[in-house]
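Chains as they are written, first to last, in this note's numbering: chain A, 1 to 486; chain B, 1 to 320.
Just so you know, these hints were derived from the structure itself, not from any lab. One or more of the hints may lead you astray.
To be verified - Reference excerpt, derived from the structure (chain A facing chain B, CB under 7 angstroms, subset only): (1) P24; (2) H253; (3) A338; (4) P367; (5) Q381; (6) Y415.
For each residue, glycine too, the CB sits at the ideal point set by N, CA and C.
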Amino acid sequence: MSSRSVPHGGLRLDGHKSRPLEQPVLAVPPPRTCILALDQGSGEEAEAIVEPGTRVRVGTRVAAGRGTAADLHAPVSGTVTGATRLPTAAGEGRCLVIESDGRDEREPGVAPLDWQALDGPSLIERLAASGLAGLGGAAFPTASKLAMARAEAVELLVLNGAECEPWICCDDALMRERAAEVVLGARVMLAASGAAHGVIAVEDDKPEACAALEAALVVTGDARLELRVLPALFPLGAEGLLIAALTGREVPHDGLPPDVGVVCQNVGTAAAAARFVTEGLPAVTRIVTVTGGGVRRPANVEARLGTPVVELIAACGGYRTTPDRLIAGGALTGRTLASDDVPVTKGLNCVLAATAADLPARGPEMPCIRCGDCADVCPVQLLPQQLHRAARADDVAALARHGLAACIECGCCDYVCPSAIPLTARFRAARERQRLLGAERRRTEEARARFERHCERLAAQAEEERRAFEDARRRARGDGPPSGTG
Amino acid sequence: MDFPTAAAPHVVAGFTVPRVMLQVLLALAPVAAVQVWLYGPRPLVLLAAAGIVALACEALALRLRGRPAQAFLRDGSVLVTAALLALAVPPGLPWWLLALGTAVAVLLGKHAYGGLGQNPFNPAMVAYAVLLVSFPVEMTRWPAPGPGWDALTGATALDALRTGLREAWTIEEVRAGTEFGLVGAADAEWVNLAALAGGLYLLARRVIRWHIPVAMLAGLAVPAALANALDPGAHIGAAFHLASGATMLGAFFIATDPVSAAASSRGRLVYGAGIGTLTWIIRSWGSFPDGVAFAVLLMNLAVPLIDRWTVPRIHGHPRG
Chain A
1 MSSRSVPHGG LRLDGHKSRP LEQPVLAVPP PRTCILALDQ GSGEEAEAIV EPGTRVRVGT
61 RVAAGRGTAA DLHAPVSGTV TGATRLPTAA GEGRCLVIES DGRDEREPGV APLDWQALDG
121 PSLIERLAAS GLAGLGGAAF PTASKLAMAR AEAVELLVLN GAECEPWICC DDALMRERAA
181 EVVLGARVML AASGAAHGVI AVEDDKPEAC AALEAALVVT GDARLELRVL PALFPLGAEG
241 LLIAALTGRE VPHDGLPPDV GVVCQNVGTA AAAARFVTEG LPAVTRIVTV TGGGVRRPAN
301 VEARLGTPVV ELIAACGGYR TTPDRLIAGG ALTGRTLASD DVPVTKGLNC VLAATAADLP
361 ARGPEMPCIR CGDCADVCPV QLLPQQLHRA ARADDVAALA RHGLAACIEC GCCDYVCPSA
421 IPLTARFRAA RERQRLLGAE RRRTEEARAR FERHCERLAA QAEEERRAFE DARRRARGDG
481 PPSGTG
Chain B
1 MDFPTAAAPH VVAGFTVPRV MLQVLLALAP VAAVQVWLYG PRPLVLLAAA GIVALACEAL
61 ALRLRGRPAQ AFLRDGSVLV TAALLALAVP PGLPWWLLAL GTAVAVLLGK HAYGGLGQNP
121 FNPAMVAYAV LLVSFPVEMT RWPAPGPGWD ALTGATALDA LRTGLREAWT IEEVRAGTEF
181 GLVGAADAEW VNLAALAGGL YLLARRVIRW HIPVAMLAGL AVPAALANAL DPGAHIGAAF
241 HLASGATMLG AFFIATDPVS AAASSRGRLV YGAGIGTLTW IIRSWGSFPD GVAFAVLLMN
301 LAVPLIDRWT VPRIHGHPRG
């Protein structure tokens, strides 16, 4: 890496990460009732391939991936009892409900994978079958990303251990305790993607994780891998910004990381890949940070997918006081949960049971005074105050000119706004409105085209009929020449 | 258990508009203190008059516009406008003229355009310009340097310089007059020093950014120094310009009013430099004693254009 760029903007924030890291990762008992959301956080649902009544074991494939949804496997052994819409971290979605038999039997034929003997494409195939998905939060199918990287012949694998958002520390815990797995996972991903070298990127507020990774790298002795320590700055862990900070290359606004020769994976995903090759078991657990003033004993917990959040809270001593908000994710970009019955998914990295003391209420919204603090902190160099003005006026051209599409919804502008304007929510709404308008316009265009085709067809038909009628008349008059007979 | 939902982000820094305005008022304290030291208690009377009229006009305008008066009165922005105007006018100005100016600032300069955040022009400078063209005598009569604010009134150093040069005096001769101080104008150089101190405080507290003040001071000093180097007899040097008139008040408190300034960092450099250069041009060839107010208003006019031309390159978008 020849050059690297100084990130624009961003926020130096109090991490609130020390308390959950005071103890090792805590194992949450498998749930009696496992609620497996078909959308694990990527925004698309996998297709259920089991019926209610089907017996499953740990690792049985229960849903087929499609689009941005990876394959899903049963996290417990027992019986599928239903497939219904239930509250999830994404709001609501179709879920498979599996009643556990408590025996925790594994799918037969589960065996370690001799990954070094496989070529890249076959390794990707095996990873795809394991249902591996991005554990950083996006839950994008890992194998698809690796296949894309392979097709584009990327040269650099970035393992994202930046974990820049306050409160979230599941990756920190993982890197401290399972650094060897992260490194093994990195080697598996190098083999799968064909990248020549790999960087594990960690922010400098995680010295323990860095030390553990450094030690694991020494043990492995793989010269293709290196650890890179970055300043703790929110939102440096965002994929495009991390790549820019490491390489100085900017992912084009209409492109993807492979366009600049990079494939980016979360460190947790790498560790899960390592587990898959050493045990052969698909990814059915993940580490979740359970924290906030509303929890009695904040901790990082390892839970089966499908475990209701309330059981994670219970494993951490229950609620200390009723939280103001229950947030899936961090304080800047997390989504509020309407209920603590929602299940753990591959995309759930943190449950923040926040009290009023954790998250002071924002004041009443005031008019923008154009102070420009938002532009100073915007990591993608937008001018949020101009965007806000364009969004209020619903000025589509101005929204495009000021780069609405480039907004990564990190929330930095909201954080600093002295007028307490919910900028990020406004931009999200403007985007949604544009998407709907675009769809509407497409539908209108299609309808018009359909109508025009219909009219043309009618006209052609009329012409046809007219000609047929003329012919018939001519024939009736006795086969005279078509013209000149008057 | 069920929980309320809300949109991300869930945490804010808590730096609010009233706190911003309070910082600005605090930073203006040294300017007021120096004026009291130079001119006696008179500036305090003006500050009080402007403050009371500003709050009354704000309340009236909010009532007429059907807006919640309380939240907006508490934001403190109208007090900043009042204080800037009161500290920019000559301390001998009749209080009722200042009251009139304040009413113009709040009612026409601000609320006629839609209130806080909507005004294209700096309200205090709109009022200053209105007063200057309507009451040129009162607005240009400054207390003569020396003890006692009401002893004598006369022209400022900028005035004396303009008149002197027009009457073919050399700069050396003009500078011997009592209107001149150590580097800039007598009295005004101390006010400028106080404004500089207040401005540095605002910079340190990150209430303002460096772009506008630095660009404005450079925009004023560079042409002044160049002209002075080329023709020392006809153009006074940069140091005098920096320490005279409303230079520092303008650079740190007036041009930095974010509402009427350009939006991006690059835009703010252009905007500030424009104010500085226009100030120098108006001081050198214009017919008013100081150019800051008109320079600010002219650059306010240019802001939409500057904003259009200085949209920063977005991450991941091609350069150039």
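I'd like to know which numbered hints this structure contradicts. Please list them from smallest to largest.
1
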